[in-house]
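Chains as they are written, first to last, in the numbering used here: chain D, 1 to 361; chain G, 1 to 361.
Heads up, a few of these hints could be off.
Remember, identical chains collapse to one label, so a pair may be satisfied in a single copy or spanning two.
Claimed, not checked - Capping the alpha-carbon separation at 27 Å, the derived lysine-lysine pairs in DSSO-like fashion look like this: (1) 310 with 31; (2) 347 with 127; (3) 277 with 45; (4) 127 with 263; (5) 347 with 134; (6) 2 with 277; (7) 286 with 109; (8) 2 with 45; (9) 263 with 347; (10) 31 with 106; (11) 310 with 45; (12) 291 with 310; (13) 134 with 310; (14) 134 with 45; (15) 263 with 291; (16) 252 with 134; (17) 109 with 31; (18) 263 with 31; (19) 291 with 134.
FYI, nobody ran anything at the bench for these hints, they're computed from the structure. These numbers were taken from a predicted model, which means no experiment stands behind them.
2 protein chains.
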Amino acid sequence: MKGRIHNFNAGPAVLPLPVLEEIQAELLNFKGSGMSITEVSHRSKWFDEVIQDATTRVRRLLKLDDSFRVLFLQGGASLQFCMIPMNLLPDGQSADYVNTGSWATKAIKEAGIQGKAINVVASSEDKNFSYIPKDISFSRDTAYVHITSNNTIKGTQWASFPDTGGVPLISDMSSDIMSRPFDPSLFGLIYAGAQKNLGPAGVTLVIIREDMLERVPRGLPTMLKYTTYVDHNSMFNTPPCFAVYTIQLVLKWLEETIGGLEKMEEVNREKAGLLYKAIDESGFYKGTAEKESRSMMNVTFRLPSEDLEKQFVQQAIEHGLGGLKGHRSVGGCRASIYNATSLEAVKALVDFMDEFVHENG
Amino acid sequence: MKGRIHNFNAGPAVLPLPVLEEIQAELLNFKGSGMSITEVSHRSKWFDEVIQDATTRVRRLLKLDDSFRVLFLQGGASLQFCMIPMNLLPDGQSADYVNTGSWATKAIKEAGIQGKAINVVASSEDKNFSYIPKDISFSRDTAYVHITSNNTIKGTQWASFPDTGGVPLISDMSSDIMSRPFDPSLFGLIYAGAQKNLGPAGVTLVIIREDMLERVPRGLPTMLKYTTYVDHNSMFNTPPCFAVYTIQLVLKWLEETIGGLEKMEEVNREKAGLLYKAIDESGFYKGTAEKESRSMMNVTFRLPSEDLEKQFVQQAIEHGLGGLKGHRSVGGCRASIYNATSLEAVKALVDFMDEFVHENG
Chain D
1 MKGRIHNFNA GPAVLPLPVL EEIQAELLNF KGSGMSITEV SHRSKWFDEV
51 IQDATTRVRR LLKLDDSFRV LFLQGGASLQ FCMIPMNLLP DGQSADYVNT
101 GSWATKAIKE AGIQGKAINV VASSEDKNFS YIPKDISFSR DTAYVHITSN
151 NTIKGTQWAS FPDTGGVPLI SDMSSDIMSR PFDPSLFGLI YAGAQKNLGP
201 AGVTLVIIRE DMLERVPRGL PTMLKYTTYV DHNSMFNTPP CFAVYTIQLV
251 LKWLEETIGG LEKMEEVNRE KAGLLYKAID ESGFYKGTAE KESRSMMNVT
301 FRLPSEDLEK QFVQQAIEHG LGGLKGHRSV GGCRASIYNA TSLEAVKALV
351 DFMDEFVHEN G
Chain G
1 MKGRIHNFNA GPAVLPLPVL EEIQAELLNF KGSGMSITEV SHRSKWFDEV
51 IQDATTRVRR LLKLDDSFRV LFLQGGASLQ FCMIPMNLLP DGQSADYVNT
101 GSWATKAIKE AGIQGKAINV VASSEDKNFS YIPKDISFSR DTAYVHITSN
151 NTIKGTQWAS FPDTGGVPLI SDMSSDIMSR PFDPSLFGLI YAGAQKNLGP
201 AGVTLVIIRE DMLERVPRGL PTMLKYTTYV DHNSMFNTPP CFAVYTIQLV
251 LKWLEETIGG LEKMEEVNRE KAGLLYKAID ESGFYKGTAE KESRSMMNVT
301 FRLPSEDLEK QFVQQAIEHG LGGLKGHRSV GGCRASIYNA TSLEAVKALV
351 DFMDEFVHEN G
């Protein structure tokens, strides 16, 4: 669409254009209500249909059975870092964490702040978090195993999930939820801040298996207990209605336009394949993640010098390619290619990368 | 605007039409960024200008001096109910609470859940919360005094704030913030869920006086400490960008179209005056709040029978007047007339009320 750029932001990130167009079209009058979606009551039939549909689509896309509850919370993944041990790690027990980067480190820190017993059973810190650890030995009797399925900043991703021998896996999936199918039966809890693959910032999808709820201690503040959200269908108090509504439209697009997660994964593999090929064959760009740990969502790479990196990011913007600067904590370049990033956008980026090598290589 | 109703919802509630129109116009391309406001990075110049402008306008509208910090949190006022005692009520001290209805009751409950020492120094529960207590004796050495400035469900409002003898006042102002000027120097903390007078659901405005921050205990989870939001300009993690953006536009409308809080109060007084007059002179409708405690924001009233109330709400909808049903916990009728409710909307409601009496009185 005229005036729009190809947006490779890491989050908040690009949304499907048809979703934005639908929001725009009905912004002043939602489904004949005479009100905006931002103005209808969260207890109205209008919003009820939105949240029910969003929930149903999450269940269908991820093939969740009846043992899972689908919740919408606020506070981002960062609030989950403290809610998870608070709710699911009973005193006297310990939990295993795998440290694969900045966000995993924060999750570990928040458990520690609460004085919870944590075992960091594997870490890739020795090589600047450039890989996903393999052949991990989990602790006997661990209450859960926490991982970060995709590492937005370091550009690594679990290609498959570890065998925990039946211990509930908990995963921060903020940056790769809905990007590929997976077996949900491994998981006790999945959480994802929406602003990468699901919708706008301001809502966090939490999927929790029923049996985990038995661990929630009495006496927690109401808003910090998973059971509150389960018991009130995520509406103990007013939910972030606009963000939930946008998620609903994104999931509808994923089901009805893309055709589900198998199809989405195909497209995502093609997009990532094109970019990594352009990097590997260039003799100029250098991927920062080890090849078998590479992320399909965040492609991180360096150029021969920081000056060239600056120039690359700046010239990319002039070519209508935005958001390619690496995270402020690591530098370099990063192309985030979430579900809503089109193949066309990736091809435009590859063309630009080739051109840039030609001129500067 | 064609197709739009007059919206008397209690929250989420009506937004100024020019605000919605501006959101709609720039939804696909925010300020020439080539991205939606939902797609720009929260660390970009685009969002930085939004949150800075929103903050500046809050400071200017409320005449806050440099001792106050303006923060944007998630989780609603309900999360503040637990964060306030967690952060600001040190062990070994106690705090005074005034109970004026459902939300105050919840605030008291959340302090109790944490085992904090609370004194309910005044309550209007004896008369179904139909009035605001007067001549309250506050406890010696109370850490703070907590009130609810406007009671959305019961339709009462503090006409002026109590003299606490210098003890910091803390107020839930979710349903009347920005509806009238007040002296901020009385307050240690003010909080307001946005979805009534400020913007969409999904963001909570918190205004905290610097000296209160000294009370924040070490060892709280990062996302539950006010200091985290102060230290990171509300961006320790991704804030609810769209909701903050909408607040910015609402505040701009308040300053530039309405002309500030003095003007806003005049309009609000006129609106409430018209409605209460229609009730009092009808001999048919009966206001539920005591006259001197009546809210300028939520006008609660009963009809001679529940059948007539149902009929009233239904016929109102047919006349393009929505959201008049009382809260599910109390029944009856309620017209919420926040800042964005126009005088025209109130006049249309008064006309309908007169007509309804004529036909059913």
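Those earlier numbered hints the structure runs against, lowest number first: 2, 3, 4, 5, 6, 7, 10, 13, 14, 16, 17, 18
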